[in-house]
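Asks: Generate coordinates for the entire structure from the input sequences, incorporating the hints supplied.
Protein chains in written order, with this note's numbering: chain A, 1 to 199; chain B, 1 to 510.
Be aware that a few hints might be false.
Below are the BS3-like pairs computed for lysine-lysine, each with C-alpha atoms no more than 30 Å apart in a straight line [claimed, not checked]: (1) B:K229 with A:K43; (2) B:K212 with B:K103; (3) B:K103 with A:K159; (4) A:K82 with A:K149; (5) A:K83 with B:K212.
Since the hints were derived computationally from the structure, they do not count as laboratory data.
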Amino acid sequence: MNFLNLHIPHLWTWLIVCLLVFCFVSYIMSKQANLFVSGRTGKKFSIFDLEFPASRSSLQSLIQSIDLLPNPSLFPEPANVKKAIRSQLWLDFIFMPAAYGGIFLLCMAASYCVRNALQNFFIIFAWMQMIAWLFDILENILLFRQIKKPVVMGTTAFKLYQIMELLKWSIASLGLFLSIFALCYCWLMGINSSHPLVL
Amino acid sequence: MSDSNANTSRKQPSDYINHPEVQQCLKQLKKLFGENYESLLVSDTLDDEGHQYVNLVQKGGGVLGVALVGYTYILETVGIRFLRLAGTSAGAINTAMLAVIGKKQDAKSPKILEYLSNLNFFKLVDGHPVAQQLIKTFITNKKFEKNLVRYLRIFGILFFGSIFLDILFVGLGHHHGWARAAGMISFLFTAILFVIFAALTGYTLYLYNRLKESGYGINPGNYFLEWMKQIMNENEVTTVEALNAKAADLPTLKVRDPKNQNASTLTADVTFISAELVSQNKVELPRMYGLFRSNYNDDPLHPAGFVRASMSIPVFFESYTIENIPSPATHPEIKNAWANFFNEDVTIPATARFVDGGMLSDFPINIFYNPKIIEPRLPSFGIDLDDSDPRTDQTATPDSWSLMNYLGRMFNTIRFYYDKDFLIKNRVFKKGIGSIPLSDFNWLNFFVSEDDKMKMFIRGAQAATGFLQSFKWNDYRKERIEMQRVLNEKQQPETTASGEPERSFYSRKA
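Replies: What follows is the structure in structure tokens.
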């Protein structure tokens, strides 16, 4: 496990950089999301509708329904909606290192405060963020392909996509909250890398 | 569209028709009215084949609508046919099928049963899978609410208990080494509970936003719309004009007493009731088609949409919308239609949004009322779906109602009074209504088993049998004449203070 236990100089500075990038990209993405409308009535949708499609055909029907947008004066042009989704997916490639990198740093920071099994636990969680990152990249590739040519997903592909999304979110959110709670506890108790908690 | 229900094997139309209890109903009627029901008398209006004609209104009630088919099957089998048809919600579905299948003088029930047998009711619940599962659990698991409260309570105890332990261990950790380690474990446990809480809250908010974007309808209702379109298209009803033509197409009719009456003025039509929320009106479709389109050719509407509009159970289904209503500024005929139907200067919307007609008129028998007809040539029959459960009836305990009982009672009083008021003022119409007791079925249970569908069909058949055994056309006719005579006497135009003649409550435009 030692080879995974990296010493990261200026960890907190890097964390602030990640946080700033995260906030900046999130802001741009939220502005882009205003263009996410589809169907005859200009129904709003979010990136979560693309990440968690209800059925095998939901993704295809959602993307196809963008072309049904009726009135160009009331709603954006379908081409502009698709362009906004693509831009958001490209921006996601900047968002990903900030988000998963930030959680990685938090987990590593938590691991410095503890020893033995708990340290290994946080180190594993830190490196698992790379898996979540990989899943996010795969998701974006699939979405790029769906926007280009919407198709009904196969049963296995849909199941895998669902599992991938579930794992991605579970790894990231557990990593984030476990490390934050652990760090809070360490600060409260005066635990740090010089005086770690030994279980 | 065809699919099988998972729970039991799918029933065929012959299984319904040949069921011993349904056959028993027919035996009873044959015993009373003869082998070919030749002594049955329900109407003075006949066709050349000897079918007797009645007007028919069917009540809404979700999946209980299967019972309506059982009822109309018996009516058709004994030789009754339907001149004017009206219905709301589930009643509109059976009404639509009776209107579009075959010719007026044909029996439609076998074909209706075929369509229903091939329909997987569960697919009508075409919303998000999580919502589908929740609805299924809510409807089929009677302990759902109890269990939900229990799980939430357990989660709450765990969450607040772990926060309490966090605080406790932080305090103890300054004095005991073991408490420092226990504190870390407790914090991590709280973090896991927090992630679960955040995920559940986030997902609930996401589903709520989806619901909001869908106009607060859980299920899009597209599966139903496509199913109804397919049925109409199969029967060559692809336009509103075709629906009107088919509903109005009559064989040669005659009356029993041609000296005093004639059948030449009899007309037929079909009406689906819906509630329009933008202008806040009860809309009768296709009669009020002119409110939404200036003619049949520009941007035409498919008539299946009218049935979809009538069955849009609020929240359960998305509202049905009619968009692009022509501007009254450029289309005076639209303005005239609104003024004509609603007799007021309403703001004409660009988009109409419909919910279940049962919101306003679940049993629209009043649309068959014509004050100009003194002597009826045919009766108005109605089929009521009675799902009131005497075991949960709260009428004896008005002082101890829960908030839900109280709000439910208020809502139902408002919802049902429109139809009830008509029947209070025109009591004889009650004599044409047969009621199907269905208190042991849930009207929203779209996961209904094939056996329960069969039971509902049988209940409908039995209710129709009971009704026909007691219905006396001559008595009904006499009472209608008497009722109209008294009403006409009462409603002689009286002069109001302003000097204008008073308008009758039920006076309608021709």
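Asks: Taking the hints in turn, state whether each one holds.
Replies: How the hints compare with the structure:
Pair hint K229 (chain B) plus K43 (chain A) holds up; C-alpha atoms about 24 Å apart against a cutoff of 30 Å. The suggested pairing of K212 (chain B) with K103 (chain B) is violated, with an alpha-carbon distance near 43 Å, which exceeds 30 Å. Of the pairs offered as hints, the one joining K103 (chain B) and K159 (chain A) is violated, with about 49 Å between alpha carbons and a cut-off of 30 Å exceeded. Between K82 (chain A) and K149 (chain A), the direct Cα distance comes to roughly 12 Å. Compliance with the 30 Å bound is thereby established for this hinted pair.
The hinted pair formed by K83 (chain A) and K212 (chain B) meets the criterion: a straight-line CA distance of about 25 Å does not exceed 30 Å.
Figure legend: structure checked against the earlier numbered hints; hints not met, in rising order: 2 and 3.
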